[in-house]
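**Q** Numbering (the working numbering) for the sequence shown: 30 to 437.
No wet-lab data here; the hints were simulated from the structure.
Ideal Cβ positions, reconstructed from N, Cα and C, are used throughout, including at glycine.
Keep in mind that the hints are not guaranteed to be accurate.
List of simulated lysine to any residue pairs, SDA-like, C-alpha gap at most 20 Å [as the list claims (entries may be wrong)]:
{"id": "1", "residue 1": "Lys257", "residue 2": "Ser268"}
{"id": "2", "residue 1": "Lys240", "residue 2": "Ala369"}
{"id": "3", "residue 1": "Lys417", "residue 2": "Ser268"}
{"id": "4", "residue 1": "Lys294", "residue 2": "His375"}
{"id": "5", "residue 1": "Lys240", "residue 2": "Ser426"}
{"id": "6", "residue 1": "Lys294", "residue 2": "Gln106"}
{"id": "7", "residue 1": "Lys155", "residue 2": "Ala412"}
{"id": "8", "residue 1": "Lys95", "residue 2": "Gln110"}
{"id": "9", "residue 1": "Lys206", "residue 2": "Gly282"}
{"id": "10", "residue 1": "Lys257", "residue 2": "His375"}
{"id": "11", "residue 1": "Lys155", "residue 2": "Gly273"}
{"id": "12", "residue 1": "Lys257", "residue 2": "Ala83"}
{"id": "13", "residue 1": "Lys294", "residue 2": "Lys317"}
{"id": "14", "residue 1": "Lys206", "residue 2": "Ser307"}
{"id": "15", "residue 1": "Lys294", "residue 2": "Ser306"}
{"id": "16", "residue 1": "Lys304", "residue 2": "Gly316"}
{"id": "17", "residue 1": "Lys240", "residue 2": "Val99"}
{"id": "18", "residue 1": "Lys240", "residue 2": "Asp161"}
{"id": "19", "residue 1": "Lys95", "residue 2": "Gly135"}
{"id": "20", "residue 1": "Lys206", "residue 2": "Asp161"}
If you anchor each label on the Cβ, the simulated ranges turn out as follows [said to hold, decoys possible]:
{"id": "21", "residue 1": "Ala281", "residue 2": "Thr63", "range": "19 to 25 Å"}
{"id": "22", "residue 1": "Gly414", "residue 2": "Asn331", "range": "46 to 52 Å"}
{"id": "23", "residue 1": "Thr195", "residue 2": "Asp336", "range": "30 to 36 Å"}
{"id": "24", "residue 1": "Asn410", "residue 2": "Gly187", "range": "46 to 52 Å"}
{"id": "25", "residue 1": "Asp198", "residue 2": "Asn331", "range": "37 to 43 Å"}
{"id": "26", "residue 1": "Glu377", "residue 2": "Asp75", "range": "17 to 23 Å"}
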Amino acid sequence: MRYRKVGAILLAAGVVAGLGACASGGGDSSEGGTTELSILIGTSGDAETNAVQAAADAWAADNNAKVEVVVASDLTQQLSQGFAGGDAPDLFYMSWDQFATYASNGYLDAYADSLANAGDFYPALKDTFTYDGTFTCAPKDFSTLGLIINTDKWAAAGLTDADIPTDWDSLEAAATKLTTADTVGLSFGLEYARLGVFMNQAGGQLVDGDKVTADSAENLAGLTYVQKLHDEGVLKWPSEIDAGWGGEALGAGKAAMVIEGPWIKGIQGDFPDTKYSSYELPAGPGGKSTFTFTNCWGIPANSDTADAAKSLVEYLTADEQQLAFGDAFGVLPSTTGAAATYAEQHPENAAFVAGNDYAVSPVNFAGSATVISDFNSQLANLAGGDAKAILASFQESLQAALDEANGN
């Protein structure tokens, strides 16, 4: 499963307006004494869909219930349309970048603090789904970014375990050594969801309380480092090497290293002969940093099926069930205990689990996604462009969005 760019606009303007008419969900909850629930999900494929349905069926069998799992073709659009039409699903995937918009408008049931396993989730994931000081919805799993290395390319370049990058200097050295006429040393998407980790690794952040700090010297250092690698020819964006994303670049042998998440396993279908290993991202001048991407289980506010949906969430987020999901389609459990077990059982993904100890969520507040989308567009001019000017524009737009979100 490749990570979808954060630049997509959350909700169409007409749908946003329509949401104001209906902030609750849930239709008829039972028929003949049987509780009926609907779950709306975005799926990475049949493995995920079948695993969610099997888990829902198992819960339903013990709770006199029936659960229908609906696979969305466009989760953002279908979810917003459901709310606008007064027919929101009883339970649904809610992504980190949509959460603040829905929570700020009162569309979500803030149930998570009352879960029996509320204290078991990673603190960073709880923070992602906390609004106005309240842990609102339970994170269903997570992914972090890591450095993925084509081990055949690595060996061919004469590199060993001692050369695994641990900082920016060694990343540059390895990328240089791996770059040949046919293969670039490093590749990743030209977007905030990838470049942002370099800004963080330089010691930067985008928001400090009520103040936006996008144009800081640290953030500039992160973008300047990326510019340097690109100028040297040891870094190319996937589009420059005829690849749709980093995983395709790695699998096709067009890039020796990429920055992606555990969804990298999805390339095995198209590139079964590609061998790779995953490592934590190298540290920058400001230390280690990576992004964590996650969804929570959303329940509509004022839903008449909320109690049943909450019971189902407790079942779906239990350690045993999360480990089953991890086995089925590669996601990392959102509870610390299950994640530790998963790392032992799946050493190929241990680096992604380790990264969550210091991972941060990309900037996330009501209205931020539209600004991030514009920033991604401006990043198209980063190579050979003025990184300081790009950040200055980003600073102004993000501060205006934060002021509006805070009612200023």
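**Q** Each hint: holds or not?
**A** We went through each hint and held it up to the structure:
Restraint check for lysine 257 and serine 268: the C-alpha separation of about 18 Å stays at or below 20 Å, so the hint holds. With a CA separation close to 36 Å, the supplied pair lysine 240 and alanine 369 exceeds the 20 Å bound. This hinted pair does not check out: lysine 417 and serine 268 have alpha carbons roughly 24 Å apart, beyond 20 Å. Annotation: proposed proximity of lysine 294 to histidine 375 holds, straight-line Cα distance about 12 Å (limit 20 Å).
Taken as a hint, the lysine 240 and serine 426 pair is honoured in the structure, with Cα atoms around 12 Å apart against an allowance of 20 Å. Of the pairs offered as hints, the one joining lysine 294 and glutamine 106 is violated, with about 27 Å between alpha carbons and a cut-off of 20 Å exceeded. Distance check on the hinted pair: lysine 155 and alanine 412 sit about 36 Å apart at the alpha-carbon level, beyond 20 Å; violated. With a C-alpha separation of about 23 Å, the suggested pairing of lysine 95 with glutamine 110 is violated against the 20 Å cut-off.
Restraint check: the Cα-Cα separation between lysine 206 and glycine 282 comes to about 15 Å, which is no more than 20 Å; the hinted pair holds. Among the hinted pairs, lysine 257 with histidine 375 is inconsistent with the structure: their alpha-carbon atoms are about 35 Å apart, more than 20 Å. Distance hint between lysine 155 and glycine 273 is unfulfilled; the C-alpha atoms sit about 32 Å from each other, more than 20 Å. Taking the CA atoms of lysine 257 and alanine 83, the gap is about 49 Å. The hint is violated against a cut of 20 Å.
For the hint pairing lysine 294 with lysine 317, the CA-to-CA distance comes to about 24 Å; that exceeds 20 Å, so the pair is violated. At most 20 Å may separate the alpha-carbon atoms for a hinted pair to count; lysine 206 and serine 307 meet this at roughly 18 Å. Taking the CA atoms of lysine 294 and serine 306, the gap is near 11 Å; set against the 20 Å cutoff, the hint holds. At roughly 29 Å between alpha-carbon atoms, lysine 304 and glycine 316 are farther apart than 20 Å, so this suggested pair is violated.
The straight-line distance between the Cα atoms of lysine 240 and valine 99 is roughly 40 Å, outside the 20 Å bound, and the hint therefore fails. Straight-line distance between C-alpha atoms of lysine 240 and aspartate 161 comes to about 17 Å, which keeps the hinted pair within the 20 Å bound. For the proposed pair lysine 95 and glycine 135, the alpha carbon gap of about 27 Å is over 20 Å, so the pair is violated. A threshold of 20 Å between alpha carbons decides the hint, and for lysine 206 with aspartate 161 the separation of about 48 Å lies outside it, so the pair is violated.
The hint said 19 to 25 Å for the Cβ distance between alanine 281 and threonine 63, and at roughly 50 Å that hint is violated. The hinted window of 46 to 52 Å between glycine 414 and asparagine 331 holds, with their beta carbons roughly 48 Å apart. Between threonine 195 and aspartate 336 the CB atoms are about 49 Å apart, so this pair departs from the stated range of 30 to 36 Å. The beta-carbon spacing between asparagine 410 and glycine 187, approximately 36 Å, falls outside the hinted interval of 46 to 52 Å.
Hint check: aspartate 198 to asparagine 331, Cβ distance near 55 Å, so the stated range 37 to 43 Å is violated. Taken as a hint, the range 17 to 23 Å holds for the pair glutamate 377 and aspartate 75, whose Cβ atoms sit roughly 22 Å apart.
Hint check: violations occur at hints 2, 3, 6, 7, 8, 10, 11, 12, 13, 16, 17, 19, 20, 21, 23, 24, 25; the rest are consistent with the structure.
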